[in-house]
Amino acid sequence: MPMDGGIGASTKRREDLRFLTGNGRYTDDINLRGQLYAHFLRSQVAHGRITAIDTADAAAMPGVVRIFTGADFEGVGGLPCGWQVTDKHGQPMQEPAHPVLAQGKVRHVGDPIAVVVAETAEQARDAAEAIVVDIDELPAVVDMKAALAADAPKVHDDLTSNLCYDWGFVEENKGAVDAAFSAAAHVTTLELVNQRLVANPMEPRVAVGDYDPWNDMSTLYTTSQNPHVIRLLMGAFVLGIPEHKLRVVAPDVGGGFGSKIFHYAEEAFCTFAARQLKKPVKWTSSRSEAFMSDAHGRDHVTRIELALDADNNFTAIRTETYANMGAYLSTFAPSVPTWLHGTLMAGNYKTPVIYVNVKAVFTNTVPVDAYRGAGRPEATFQLERLIDKAARELGVSPVDLRRQNFIQPDQFPYATPVAVEYDTGNYDATMDKMLELADYAGFDARAAESAKAGKLRGFGIAHYIEACGIAPSNLVGQLGARAGLYESATVRVNATGSISVFTGSHSHGQGHETTFAQVVSEMIGIDAGQVEIVHGDTSNTPMGMGTYGSRSLAVGGSALVRATNKIIAKAKKIAAHLLEAAEADIELKDGKFSVAGTDKSVDWAGVTLAAYVPHNYPLESLEPGLEETAFYDPSNFTYPAGAYGCEVELDPETGKVTILNFTAADDFGNVVNPMIVEGQVHGGLAQGIGQAMLEACAYDADGQLLTGSYMDYAMPRADDVPAYTVDHSCVTPCTHNPLGVKGCGEAGAIGSPPAVVNAVIDALHRGGHTHVTHIDMPVSPSRVWAAMQAK
Amino acid sequence: MTKVTLTVNGRSMSGEAEGRTLLSSFLRDTLGLTGTHVGCDTSQCGACVVHVDGLAMKSCTVLAQDVNGASVTTIEGMANADGSLGRVQQAFQDHHGLQCGFCTPGMVMSAAALLAENPKPTEAEIRHHLEGNICRCTGYHNIVKAVLAASGQDVSGLGVAAE
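Quick mapping for you: the protein sequence lines, in order, are chains L and D. Note that the numbering used here has the first sequence beginning at 1, numbered continuously upward. Note that the numbering used here has the second sequence beginning at 1001, numbered continuously upward.
Please keep in mind that the hints were generated in silico from the structure rather than gathered at the bench. Watch out, some of these pointers could steer you wrong.
[What the hints assert, rightly or not] FRET-style restraints, in silico, Cβ to Cβ:
(1) D57/L x D1053/D: 37 to 45 Å
(2) G442/L x D1053/D: 47 to 55 Å
(3) D1154/D x T770/L: 41 to 49 Å
(4) K1120/D x D651/L: 27 to 35 Å
[To be verified] Facing chain D, according to a computed beta carbon distance under 7 Å, are these residues of chain L, among others:
(5) F19
(6) G22
(7) G24
(8) P201
(9) S286
(10) R287
(11) S288
(12) H508
(13) Y710
(14) A718
(15) A723
The beta-carbon is built from N, C-alpha and C at its ideal position, and this holds for glycine as well.
Extracted from the complex, chain L is given alone in its bound form:
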């Protein structure tokens, strides 16, 4: 049994008390004295040249303080891109300017043109309607392949084309891959779309800029997953404010899923305007604005091929993907279809050679960047759909074909042909566990029952791997990252023994305040209630890279362990002095320091008090106080993996698919709080099922956003998803971080879309509709029905 509140316990979340009583402090709950309100006037057309902006009438309206346009930002930096990808010829990607407010041209619906700052939000909104903008509309490019045509309109006039980069990975392997295809006994090919999604955290983005002219101090309160990253990007690249004069606070944040990683124009604007006006400036996004200004996700079009030998061993994989960047490069956009996608194309399999080609394309759409999983769902969807199709073509079981090609437990560490080394795993174990929990053996009987009722039942399998715990800084630096990806923690032990932890990780739903306290509690042996976790404010936390990519426990938790170990090491020295014993003989157990083999001991609080009231203390050799900081830079990614099973029933009269059961067997390594881990999987599954069944961000041919609200964009709701069966009992601990943890935040969203689509195809085949080999997501009733009829 884990200790109460320690590692392995399903400790209830302490943060829930404020959230459940309406006492959370989200950014929109912050109102500063004398605060003004910003309203953004955004482009209603996808592409056009701004010929005039007349703000005279608007400026005269009640409450208006000032109106800003692109002209006000001419001397200000643009929004930076944090990752430079090098193309297959060794050339850097094309990197366009990204102004805070549009200058000269608008490039997507929602591109900000002007901002009204007024005394009330209503006054700002009213005045924005009185601004007259003349735009010469230009033809828009929406479709990626059309955008690459020689005569396509250019999104950016100063670039040579709409091609951001043409990436080949691993370029040196291309010849070997082509040779393997020439020699293949069987080749399976699949063309598919991984549709554009909108992250949709329930809290829309908010920014409040504040400026204290007497100290020349700017403060930005913002809905961010990584306040230090925002401070660095905005301070250094956009506004030219040095870090010590800029504080960024991300208080309670209502979900992110990637979309709140990036540095956005509205953050820079509110900080800039507050400095200009010497008053706080607040912007709160409406949901409609969020749809046209939050970075979108996915949006890949792929052709993938699998070569197999006569014994059904995978011999090569070859892919060609078009990845939509949108109109500008969002902060980490170039890395998503490349290093977060190509490196996962081996999946759980021993395929010896792989070649991945990605063409990243500018279009007149909202910028696309990381969304839960970021590149890894795209890789997994291709691979797991393709293997299912291959199994069907070869007439073998999709379970057996996977098992035959799985990397085996005795092969770890396993270097894939796409540049990563898996440290550990056991894929047969997760497959076994999933099949057992899903009662796969009883499926045929259940399918027969459905058939009697005129329904088609199908079972879909997917096995995923992801790379989490990003990332080794020296490695990502070589790959084009313009940042390090370590994490930090400061452990401040107070005089009476309580502990304040300051972490560079950021919780926006993950429950760090509870789990990080469990880690410290376990290590020292004191009650978790004695440990407070502080995050989200650059003025009191050490420089950290924030929370995304399932990295908080694997990287931030490792920094926390390292800092706590430093604390324990120093505390043992103090204890040795107090107990007049050798340091090597001091043992820490259950919050008490003892001399081995004796009954001499001093408790935790006795040592901490001595550190701060050092009357009896080795001052000649040891500093007073008990506070340590650690930075942790991982030596490798972590590699969670798991088997997912989806059981559906399909109504052949309507094409409607119902998910009856969804089973997930994950290997996350060690688990600190099982309750929270299960919750993370549930949420990921709903997002993956949402992608598979419901969600799609749609544009028309002119670049008009067709899904601009929850009336048009189908979010999964409580009656769209099943109860889930989740398991994390298959454990192969990570070998290179101190907790042996791998990360669980994105798994559900990565593994579930192919499981759902595979189940739908399985149901159709069992019903005799064997001509249907693929249906693009979302597998809506109309798409399923149309596929059934398209014989």
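Model the placement of chain D on the given structure of chain L, informed by the hints.
Frame of chain L, contents of chain D only:
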């Protein structure tokens, strides 16, 4: 501007409201009760659900002036008299029915309204009732579990979580 007076969580509170001021904005911006959240602008997400004269309503669909004199219960009024979590709130904590917390006030208010009219709802009835409340974090599983538990029903049959 018109003066609007409400009884909020048992206390009389008033403020000035424009004709267009929504009840959600009036609660948040005028009365300072920021527990009620606004997650959309098309009355879809349900983060703003409050009880008006005992009925669950999306407060973004109601004009503040139109409910002048009404009795309103918000998430701030759901705890027990001694400050401890109320029955529905406690079930949400016990069963991890919230993550980021943003949709939570609306979820709790909707769930409480369901239990008031249907004290022992089935899983399907809970899912149907919560159709107007969007959560992006939990996948709904633990919300459904929390509502079942708050109604005093067995939750062990909902999925199988291995220990």
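The hints, checked one at a time:
1. In this structure, D57/L and D1053/D meet the distance hint of 37 to 45 Å, their C-beta atoms being roughly 43 Å apart.
2. At roughly 51 Å, the beta-carbon separation of G442/L and D1053/D lies within the given 47 to 55 Å, and the hint holds.
3. The beta-carbon spacing between D1154/D and T770/L, approximately 43 Å, falls within the hinted interval of 41 to 49 Å.
4. The supplied range of 27 to 35 Å is met by K1120/D and D651/L, whose beta-carbon atoms lie about 30 Å from each other.
5. Annotation: interface hint on F19/L holds; nearest CB of chain D at approximately 3 Å, less than 7 Å.
6. Hint on G22/L holds. Least Cβ distance to chain D is approximately 2 Å, under the 7 Å limit.
7. With 7 Å as the threshold, the beta carbon of G24/L comes within range of chain D, its nearest partner Cβ sitting at about 5 Å, so the hint holds.
8. The restraint placing P201/L at the interface with chain D holds, with a minimum CB-CB distance near 6 Å, inside the 7 Å limit.
9. With a cut of 7 Å, the hint placing S286/L at the interface with chain D holds, because the nearest CB-to-CB distance is about 5 Å.
10. Look at R287/L: its Cβ gets to within about 4 Å of chain D, closer than 7 Å, so that hint holds up.
11. With its C-beta approaching chain D no nearer than about 6 Å, S288/L sits inside the 7 Å limit, and its interface hint holds.
12. Against a cut-off of 7 Å between C-beta atoms, the interface hint on H508/L holds, since the closest Cβ of chain D lies about 6 Å away.
13. A cut of 7 Å between beta carbons decides the hint on Y710/L: the least distance to chain D is about 4 Å, and the hint holds.
14. Nearest Cβ of chain D to the Cβ of A718/L: about 4 Å, under the 7 Å cut. The hint holds.
15. Below 7 Å, beta-carbon pairs count as interface contacts, and A723/L has one with chain D at about 4 Å; its hint therefore holds.
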